[in-house]
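Since the structure of chain A is already known, use the hints to place chain D on it.
The listed protein sequences correspond, in order, to chains A and D.
Numbers given in the numbering used here equal positions in the first sequence, counted from 1, plus 9.
Numbers given in the numbering used here equal positions in the second sequence, counted from 1, plus 513.
Keep in mind the hints are simulated off the structure, nothing from the lab.
Everything numeric in this text was worked out from a predicted model, so none of it was measured.
Treat the hints with caution; some may be incorrect.
Covered stretches of chain A, as calculated for chain D (at least 3 residues, CB under 8 angstroms) [said to hold, decoys possible]:
| id | stretch |
| --- | --- |
| 1 | 45-51 |
| 2 | 54-68 |
| 3 | 112-121 |
Beta-carbon label-pair distances, calculated as ranges [stated by the list, open to error]:
| id | chain 1 | residue 1 | chain 2 | residue 2 | range |
| --- | --- | --- | --- | --- | --- |
| 4 | D | Thr568 | A | Gln26 | 43 to 51 angstroms |
| 5 | A | Arg73 | D | Thr564 | 29 to 37 angstroms |
| 6 | D | Lys582 | A | Thr85 | 38 to 46 angstroms |
| 7 | D | His523 | A | Gly94 | 23 to 31 angstroms |
| 8 | D | Ser527 | A | Lys80 | 50 to 58 angstroms |
| 9 | A | Arg73 | D | Ser565 | 34 to 42 angstroms |
| 10 | D | Glu584 | A | Asn16 | 37 to 45 angstroms |
| 11 | A | Asn27 | D | Gly529 | 48 to 56 angstroms |
| 12 | A | Ser121 | D | Thr518 | 28 to 36 angstroms |
| 13 | A | Ser121 | D | Ser593 | 33 to 41 angstroms |
| 14 | A | Lys66 | D | Ser541 | 17 to 25 angstroms |
Note that the Cβ used here is the ideal one computed from N, Cα and C, for glycine as well.
Each chain, letter by letter, is given below.
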Amino acid sequence: DTGVSQNPRHKITKRGQNVTFRCDPISEHNRLYWYRQTLGQGPEFLTYFQNEAQLEKSRLLSDRFSAERPKGSFSTLEIQRTEQGDSAMYLCASSSDRGGQPQHFGDGTRLSIL
Amino acid sequence: AQSVTQLGSHVSVSEGALVLLRCNYSSSVPPYLFWYVQYPNQGLQLLLKYTSAATLVKGINGFEAEFKKSETSFHLTKPSAHMSDAAEYFCAVKLSNSGYALNFGKGTSLLVTP
Chain A
10 DTGVSQNPRH KITKRGQNVT FRCDPISEHN RLYWYRQTLG QGPEFLTYFQ NEAQLEKSRL
70 LSDRFSAERP KGSFSTLEIQ RTEQGDSAMY LCASSSDRGG QPQHFGDGTR LSIL
Chain D
514 AQSVTQLGSH VSVSEGALVL LRCNYSSSVP PYLFWYVQYP NQGLQLLLKY TSAATLVKGI
574 NGFEAEFKKS ETSFHLTKPS AHMSDAAEYF CAVKLSNSGY ALNFGKGTSL LVTP
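The following block holds chain A by itself, in its conformation from the complex (with noise of 0.2 angstroms):
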């Protein structure tokens, strides 16, 4: 069980740049979600994959976030024009078909906005 890998683990960048992360599920798995975690808070949803399809989105993802999730296997998540109100911990998680709800999640990807 190799579990759900997430890269990077740390990005820095500046504001107004894009910056985009990956998400490898538990292969097995064909419901991939991602969710935003900042300090002191629990993770808040942003979107969610069953195979290919993107089933729903949050009001949180704004039109500078993008997800996809082609062939549905890995996931990619791009925000495009950075904000400081961007910075915060980028979860993803996946299940399988009879779960529904997310049973793994990955490590993150922090991303700091200088």
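This is chain D only, laid out in the frame that chain A set:
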């Protein structure tokens, strides 16, 4: 909208003592409820879930939680704390009949002292 409130951002117990972490939910329809644990610098891990079957739910690592509709509560307990239980614990809720997003509480940090 459904939400959870975790009472106490920090809880300290002695090794071997009872662990009680409190979670109250607000939901207009029957909820699904979850507890997750997050160890330092790691992703979240599902401890247990309530999905309208048995009201007493047993999870991993000796934890259990009881769904009490009359009290709108889903408190997490463990009879005897181990040093390895020190972590952040999150309660989460999802509407049973729609969506894929979980709403998380702010978390409770559990400290176990020798």
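Structure-based check of each hint:
1. Counting residues of the stretch 45-51 of chain A whose CB falls under 8 angstroms from any CB of chain D gives 3; the rule of at least 3 is met.
2. Counting residues of the stretch 54-68 of chain A whose C-beta lies closer than 8 angstroms to any C-beta of chain D gives 5; at least three are required, and the coverage claim holds.
3. With 6 residues having a beta carbon nearer than 8 angstroms to a beta carbon of chain D, the stretch 112-121 of chain A meets the requirement of three or more and the stated coverage holds.
4. Our hint of 43 to 51 angstroms for Thr568/D and Gln26/A holds, since their Cβ atoms are close to 50 angstroms apart.
5. Taking 29 to 37 angstroms as the suggested C-beta distance range, the pair Arg73/A and Thr564/D conforms, at roughly 35 angstroms.
6. For the hinted restraint 38 to 46 angstroms between Lys582/D and Thr85/A, the CB-CB distance of approximately 41 angstroms keeps it satisfied.
7. For His523/D and Gly94/A, the hinted distance range of 23 to 31 angstroms is satisfied, since their beta carbons lie about 26 angstroms from each other.
8. The given range of 50 to 58 angstroms is respected by Ser527/D and Lys80/A, whose C-beta atoms sit roughly 51 angstroms from each other.
9. Checking the proposed 34 to 42 angstroms range against Arg73/A and Ser565/D shows it holds: the Cβ atoms sit about 38 angstroms from each other.
10. Between Glu584/D and Asn16/A the C-beta distance comes to about 43 angstroms, which sits within the given range of 37 to 45 angstroms.
11. Roughly 51 angstroms separates the CB atoms of Asn27/A and Gly529/D, a value that falls within the hinted 48 to 56 angstroms.
12. Under the hint 28 to 36 angstroms, the C-beta atoms of Ser121/A and Thr518/D, about 30 angstroms apart, fit the expected range.
13. Checked against the given bound of 33 to 41 angstroms, the beta carbons of Ser121/A and Ser593/D, roughly 40 angstroms apart, stay inside it.
14. Between Lys66/A and Ser541/D the Cβ separation comes to about 23 angstroms, which falls inside the hinted range of 17 to 25 angstroms.
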